[in-house]
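Number of protein chains: 2
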Amino acid sequence: MDSGLLVRVPAHITGFFSAHPAADPLQAGSTGAGITLADAITVRIHPASEREILVGNRPTAVPAVEHVLSELDVTARVSAYVEVPLGSGFGVSGAIALACAFGANQLAEDDRSENELIGIAHAGDVLAGTGLGDVVAQHRGGAPIRLEPGAPGYGRLDGIPESRPVEWIARGELSTAEILAGDTEAIDRAGATALEGLREEPTLERLVAESRQFAAEADLLTDQIETIIADVEAVGGHASMAMLGHTVFALDDGLSRAGYDANPHRMASSGVRIVGPEAQD
Amino acid sequence: MDSGLLVRVPAHITGFFSAHPAADPLQAGSTGAGITLADAITVRIHPASEREILVGNRPTAVPAVEHVLSELDVTARVSAYVEVPLGSGFGVSGAIALACAFGANQLAEDDRSENELIGIAHAGDVLAGTGLGDVVAQHRGGAPIRLEPGAPGYGRLDGIPESRPVEWIARGELSTAEILAGDTEAIDRAGATALEGLREEPTLERLVAESRQFAAEADLLTDQIETIIADVEAVGGHASMAMLGHTVFALDDGLSRAGYDANPHRMASSGVRIVGPEAQD
Chain A
1 MDSGLLVRVP AHITGFFSAH PAADPLQAGS TGAGITLADA ITVRIHPASE
51 REILVGNRPT AVPAVEHVLS ELDVTARVSA YVEVPLGSGF GVSGAIALAC
101 AFGANQLAED DRSENELIGI AHAGDVLAGT GLGDVVAQHR GGAPIRLEPG
151 APGYGRLDGI PESRPVEWIA RGELSTAEIL AGDTEAIDRA GATALEGLRE
201 EPTLERLVAE SRQFAAEADL LTDQIETIIA DVEAVGGHAS MAMLGHTVFA
251 LDDGLSRAGY DANPHRMASS GVRIVGPEAQ D
Chain B
1001 MDSGLLVRVP AHITGFFSAH PAADPLQAGS TGAGITLADA ITVRIHPASE
1051 REILVGNRPT AVPAVEHVLS ELDVTARVSA YVEVPLGSGF GVSGAIALAC
1101 AFGANQLAED DRSENELIGI AHAGDVLAGT GLGDVVAQHR GGAPIRLEPG
1151 APGYGRLDGI PESRPVEWIA RGELSTAEIL AGDTEAIDRA GATALEGLRE
1201 EPTLERLVAE SRQFAAEADL LTDQIETIIA DVEAVGGHAS MAMLGHTVFA
1251 LDDGLSRAGY DANPHRMASS GVRIVGPEAQ D
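Those sequence lines, one after another, are chains A and B. If you count the first sequence from 1, position 91 lands on 91 in the working numbering, and the numbers rise without skipping. Each number in the working numbering comes from the position in the second sequence (counting from 1) with 1000 added on.
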């Protein structure tokens, strides 16, 4: 009998953000908004004599996940299957950490609440420098608006009450840690303006428009990304850049209509789902 | 072309609660905990020249829904199909109100955020006296713990990170409004004790055990309900009473094993889902 657990979590594309550092990783985080993609990350976790983390069958260092396993005192083999690329603005490290927190808690018959588990995964992502707001967004699903930064108890979320298909194409990695270690003043200012705009009109089209404006003002666009976005807009579509990756996302079939070979996704309607013989959904 | 929208929401079985009245319906609510049942309520909403609310094809007064339609200034025909009985502790009125809030917002191309829509549905349920905590629980899905009462911005939620099958049988209605209008001191005291216990050990079995204790201490059990719960416990199962209804719920197949002809459900992994040609999930 395989005593492993299968856990599914959404990917999270951040459209815009402001960084909010803090000494306590539960209070640190980001405000901003994005879109979650249904079931994009599947994690299998089972007890093992040694800790091992595989992403797409290859041993991979994911410090956020190591933090979660240490905090929960679980030695496990973690295999993640991801339908989105790493280092490209989909929050994959946070997603695997979140899946592990829920899976390890159940395997160990530990008695943590959902908020505690989200907090542990969020802290792991923050301390690793791989994400500031992905974990809380991935737990909510939908199109989360991060009103206040931080883990449950500190952060505050809202959401856009809409669901539309989403497409993306990825053109290579960007280092979140490097960009966040640099001067983020322009980013933070542009992120605050975008959040204000989205709160006035919380729709998916406004989210993309504010994200587009944010990417330009924060000076994060490359020529290649700018060209793709312009191509989508030329066919009447809505597109922007995923933060932080060389990735363009679009509503509906905007990228396909502009002639790109894009990856289609549904928006997530739920966050973490433990899938197994006793917990199917 | 049918321009209607189909919206699915979970039912919510409350295991225990404390009432927290307040002049502002957004601040009023309850603390406590319960279990949400996947896709138990389906609501079809479309624009119409006159307001009409049907539950199971019969014209039905649902004041919480009327509040939502008035607040959003939408005239619509609302048809709800429910897999759980009315007035039996499943939060049906709150569920229909929540579905209507999301559906009417989209039909009217209004630009409310998720938190605003949850608030409007919550206020409708509170003002109608039909529910105090169902709406916020139904939006979260899973097994929600209501730490602080009220709509988003006031209330605070946690959850039990587990999913197990649930069964129920209903033996008739109980009036939430009547019980809440009476002396709720014993209820509120028992609810606070149960919440403290569940926060120490946030598992589904503890939820049922605390609910069982609550029902006895708050003096809400009838002989019939007590017998059914005892029968489930006699076969090693976990059961308690749904608040507020003559309904028994059990984990896994506890009721079937005790010989009852029970209704099986999956726990909900998500809250509101707008299902339609453009928003399938």
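Mixed in with the good hints, there may be bad ones.
[Said to hold, decoys possible] The following residues of chain B were derived to be distant from chain A, with all beta-carbon distances above 10 Å:
id, residue
1, N1105
2, E1201
3, E1217
4, G1271
[Claimed, not checked] Label pairs and their in silico Cβ distance ranges:
id, chain 1, residue 1, chain 2, residue 2, range
5, A, E83, B, E1205, 29 to 37 Å
6, A, A192, B, E1109, 25 to 33 Å
7, A, A181, B, A1192, 42 to 50 Å
8, B, T1060, A, E178, 58 to 66 Å
9, B, H1046, A, R164, 48 to 56 Å
10, A, E178, B, G1236, 54 to 62 Å
11, B, E1205, A, V275, 14 to 22 Å
12, B, D1253, A, E83, 28 to 36 Å
13, B, E1185, A, D253, 54 to 62 Å
14, A, S70, B, T1227, 43 to 51 Å
15, B, L1054, A, D223, 53 to 61 Å
[Claimed, not checked] Facing chain B, from chain A, some residues (calculated, C-beta under 7 Å):
id, residue
16, N105
17, A108
18, D110
19, S113
20, L117
21, Y154
22, D158
23, G159
24, E205
25, A209
26, Q213
27, S270
28, R273
29, I274
Hints were generated in silico from the structure; no laboratory data involved. On a predicted model such as this, the values are computed, not experimentally measured, just so you know. Glycine is no exception: its CB is placed at the ideal position from the N, C-alpha and C atoms.
Results for each hint:
1. N1105: N1105/B is in fact no farther than 10 Å from some Cβ atom of chain A, at 6 Å.
2. E1201: The claim breaks: E1201/B does not keep its Cβ more than 10 Å from every Cβ of chain A (closest is about 5 Å).
3. E1217: Label holds. Min Cβ-Cβ 23 Å, cutoff 10 Å.
4. G1271: It is violated; G1271/B is separated from chain A by about 8 Å at its closest Cβ, not greater than 10 Å.
5. E83/A to E1205/B: 29 to 37 Å: Cβ of E83/A to Cβ of E1205/B: about 35 Å, so the range 29 to 37 Å holds.
6. A192/A to E1109/B: 25 to 33 Å: Cβ of A192/A to Cβ of E1109/B: about 27 Å, so the range 25 to 33 Å holds.
7. A181/A to A1192/B: 42 to 50 Å: 47 Å, holds
8. T1060/B to E178/A: 58 to 66 Å: For T1060/B and E178/A the Cβ distance comes to about 59 Å; the hint holds.
9. H1046/B to R164/A: 48 to 56 Å: 20 Å, violated
10. E178/A to G1236/B: 54 to 62 Å: Taking Cβ atoms as reference, E178/A and G1236/B lie about 56 Å apart, which means the hint holds.
11. E1205/B to V275/A: 14 to 22 Å: 21 Å, holds
12. D1253/B to E83/A: 28 to 36 Å: Check passed, 34 Å falls within 28 to 36 Å.
13. E1185/B to D253/A: 54 to 62 Å: For D253/A against E1185/B, whose Cβ atoms are near 59 Å apart, the range 54 to 62 Å holds.
14. S70/A to T1227/B: 43 to 51 Å: 49 Å, holds
15. L1054/B to D223/A: 53 to 61 Å: With a Cβ separation near 57 Å, L1054/B and D223/A satisfy 53 to 61 Å, so the hint holds.
16. N105: 6 Å, holds
17. A108: This hint is violated: A108/A lies away from chain B, its Cβ roughly 12 Å from the closest one there, beyond 7 Å.
18. D110: 10 Å, violated
19. S113: Status holds, d = 4 Å.
20. L117: 6 Å, holds
21. Y154: 11 Å, violated
22. D158: It holds, given that the least Cβ distance between D158/A and chain B is near 4 Å, below 7 Å.
23. G159: Holds. Min distance 4 Å.
24. E205: 10 Å, violated
25. A209: 13 Å, violated
26. Q213: Because about 18 Å separates Q213/A from the closest Cβ in chain B, which is outside the 7 Å limit, the hint is violated.
27. S270: With Cβ-Cβ at 3 Å, under 7 Å, it holds.
28. R273: Given a least distance of 5 Å, the restraint on R273/A holds.
29. I274: OK, holds: I274/A within 7 Å of chain B, min 6 Å.
When each numbered hint is compared with the structure, violations occur for hints 1, 2, 4, 9, 17, 18, 21, 24, 25 and 26.
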